[in-house]
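There are 2 protein chains.
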Amino acid sequence: MGLIVQKFGGTSLSDSERIHRAARRAIRAKLNGHRVVVVVSAMGRSTNMLLDLAREVSGDPPKRELDVLLSTGEQVSMALMAMAIDAAGHEAISLSAVQVGLFTDSAFTRAKIQRISRTRIDEELSAGRIIIIPGFQGTDARGELTTLGRGASDTTAVALAAVLGADLCEIYTDVKGIFTADPQIVPHARKIDTLGYDEVLEMAARGAKVTHSRAIEFGRKYGVPIHVCSSALDSEGTMITADSSNLETPAVRGVTLKEDLVIVTLSGNADQSGLMSKLLSELAADEIGITDITTAQAVDRVAGAHFSFAVGSSDLRDVRIICDRLTQERSGARVNVEEGLSKVSVVGVGSRFHASATAKMLETLACAGIEPRAVSTSEIILSCLLPMQQGEVAIRALHEAFALSSSPQGLNAI
Amino acid sequence: MGLIVQKFGGTSLSDSERIHRAARRAIRAKLNGHRVVVVVSAMGRSTNMLLDLAREVSGDPPKRELDVLLSTGEQVSMALMAMAIDAAGHEAISLSAVQVGLFTDSAFTRAKIQRISRTRIDEELSAGRIIIIPGFQGTDARGELTTLGRGASDTTAVALAAVLGADLCEIYTDVKGIFTADPQIVPHARKIDTLGYDEVLEMAARGAKVTHSRAIEFGRKYGVPIHVCSSALDSEGTMITADSSNLETPAVRGVTLKEDLVIVTLSGNADQSGLMSKLLSELAADEIGITDITTAQAVDRVAGAHFSFAVGSSDLRDVRIICDRLTQERSGARVNVEEGLSKVSVVGVGSRFHASATAKMLETLACAGIEPRAVSTSEIILSCLLPMQQGEVAIRALHEAFALSSSPQGLNAI
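Protein chains in written order, with our numbering: chain R, 244 to 657; chain F, 244 to 657.
There could be a bad hint or two in this list.
[Claimed, not checked] Think about it this way: if two alpha-carbon atoms lie no more than 30 Å apart in a straight line, the pair counts; the simulated DSS-like pairs of lysine-lysine are:
1. R/Lys273 <-> R/Lys306
2. R/Lys603 <-> R/Lys464
3. F/Lys434 <-> R/Lys306
4. R/Lys419 <-> R/Lys464
5. F/Lys306 <-> R/Lys273
6. F/Lys419 <-> F/Lys434
[As the list claims (entries may be wrong)] Heads up, incomplete: computed chain R residues facing chain F, CB under 8 Å, no partners named:
7. Ile262
8. Gln318
9. Gly344
10. Thr601
By construction, these hints were calculated from the structure, which means they are not laboratory data. Here a beta-carbon is modelled for each residue, glycine too, at the ideal position from N, C-alpha and C.
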């Protein structure tokens, strides 16, 4: 008899029929002899509807009240899920973050989990109940309601699984698992059976719409096996564990596309008086994530040194404000922005990966008539920036070139 | 500088514009030098929508989870109200029942308030904030969420006003105040300026759609002045205090109509082996309110004694189950049900009331061709049951006969 944490996303709970289906999954796990903790997101689009309500009332709502508002979404789901399990003749109880003792810091709208109490959970599990817990929310030491940021219900689930020493954390969603590429772009993309935490993290960071990164980080840190699977089908999804690589594992696992990026370049006297480090620390303080940092020393007095990085277009406004202020303080420094870019990444693993994948990637793009704007590599990732309109063509060409549609037993064409 | 509790009902908060209007009322009271506590209901029809959701999921949802679900309605309102006050440049904070310490018993869906803590409220008021508290909900000693029953936001407001020693409890609603009759039935019904708690209680019990009875009972018990007024208009509403009667006060204050009643009659051996007291105690245990109890001794062996009472048609199913069981245990007892009745009541006060009002009521009904089914009187009420289709005609005739459209300074035609 084990302990399973099951997490159901908004699309898996969008109407009463789906709620009953989710309830049946929890009950089945219970009947299989497991203790079951269920984590629920808000139903369907209800979080967006609540945000719309807030925007109607205030252009800049206080974050504390925004959390009070948004947390009602999961509260509705958890009550309905408990009702559905009860209606099927099994005992269930919903517990709020305060009732569980799911403590966070006091950073409203982006709180971090600090501690989860086991007392009440153990008590209810011992009484034979299925426990329903709202994802995405917590409470600070004073009893203020907090939320963990969009998509953080996965984080709640994995953190609970870690604290409870669960045997498995199941993330039920509207896709069959994690794919070799976005099936919307590459129709014959293949579901991947197993992946390592690092691979999923890299894929998520590079645009794959998979499980929330913080959840995977929790999973990696505490060694929680995570199964991402479909709430509608009874098929196996993608199992995420510490290390998925073995002899059968192909070197290249998938390709990802991240759209709507911007390259910001500071040139002129960009190297003077700590401009770069000042900028980086200000961006970090505002929690703006940047990637693809490149620097070049001054080759002549006119061009000066330059320093560039990529950032999501939604962060551009904030980045511009910081850059403009810093460069105005320093004569000769200039800011240049190049919009409309995408990043294509190849995610791989193992010693065979780097050997030839970079060459193959560049060859493939060249054949497709695409000239990459910038190339970067890491232990398990090859990325390049390119014009946004060429992103999907590039993804399809790379998926084909690395033969990702073939079964994992097949050869990877490196 | 005083303390004011303001309560806004669902129709007063049904969209962002109305929320801002309610916020302006709170701010105005603050600017007038008062400390302000606001109690909010769920927006518009949101409680009904949540109930519909619950019914879709379960035919008989557990009451604990129903409370978890329903309480989200007020939580949405309280956050939006705090946002609206903040957007207008004033400090506000929403506090949940747990955060306030609004303790109830553990009777889910119909909990009773036991204790309200002042600590957090006093702290936030001293910091100059307008406090927003959800109506209708509380917490039991264990931290379980409870609700007080439909319409109980008024009760929360008056209970808070009592505990805080507020100078006034303002109930903002979608009507201008309490009227001499339902303006939907009697178009020239007149708003009443002042009423006593007892009069309002009698009117509410007899079908007037006014403030929730439990709220008025709280008000009477703790001497809280209650002002029922329109959230849309800036006119005076109806002030409810301990005693509104004085020389200027007319003897008859209003007429009310309560529809859809049923008379249940037990006859045959209805007096044997404590049938009546057994029935009354079972009805009380199920919290089924009955009125117009009449008993008659047996005049002959065939008719036997009989015992009848009136009950709302929504309770008929429960009442029948109890009656059938009790009569089956006793040979010769029969149950008869007469449906489709209404009760018309005349609410009055003072020594002039009883003297001639009963005669006038019966005369008026007779002139209108209505034969009352049963008449009952109390200190401040004359009531009679009559066929439902004659209810509105009776109300209009009585309103006219007692000259209730005249200003309160005018003579009451008794």
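Hints, one by one, checked against the model:
For the hint pairing R/Lys273 with R/Lys306, the CA-to-CA distance comes to about 38 Å; that exceeds 30 Å, so the pair is violated. Distance restraint check for R/Lys603 and R/Lys464: the Cα-Cα separation of roughly 34 Å exceeds the 30 Å cut-off, and the hinted pair is therefore not satisfied. Pair hint F/Lys434 plus R/Lys306 does not hold up; C-alpha atoms about 43 Å apart against a cutoff of 30 Å. Pair hint R/Lys419 plus R/Lys464 holds up; C-alpha atoms about 25 Å apart against a cutoff of 30 Å.
Using a Cα cut-off of 30 Å, the hinted pair F/Lys306 and R/Lys273 holds, with the two alpha carbons roughly 23 Å apart. Annotation: proposed proximity of F/Lys419 to F/Lys434 holds, straight-line Cα distance about 7 Å (limit 30 Å). With a least beta-carbon distance of about 6 Å to chain F, the hint placing R/Ile262 at the interface is held under the 8 Å criterion. Given hint, R/Gln318 at the interface with chain F, holds; its Cβ is 5 Å from that chain's nearest Cβ, closer than 8 Å.
At a threshold of 8 Å, the smallest CB-CB gap from R/Gly344 to chain F is about 10 Å, leaving the interface hint violated. Interface restraint check for R/Thr601: the shortest CB-CB distance to chain F comes to about 51 Å, outside 8 Å, so the restraint is violated.
Consistency with the previously given hints fails for numbers 1, 2, 3, 9 and 10, ordered from lowest to highest.
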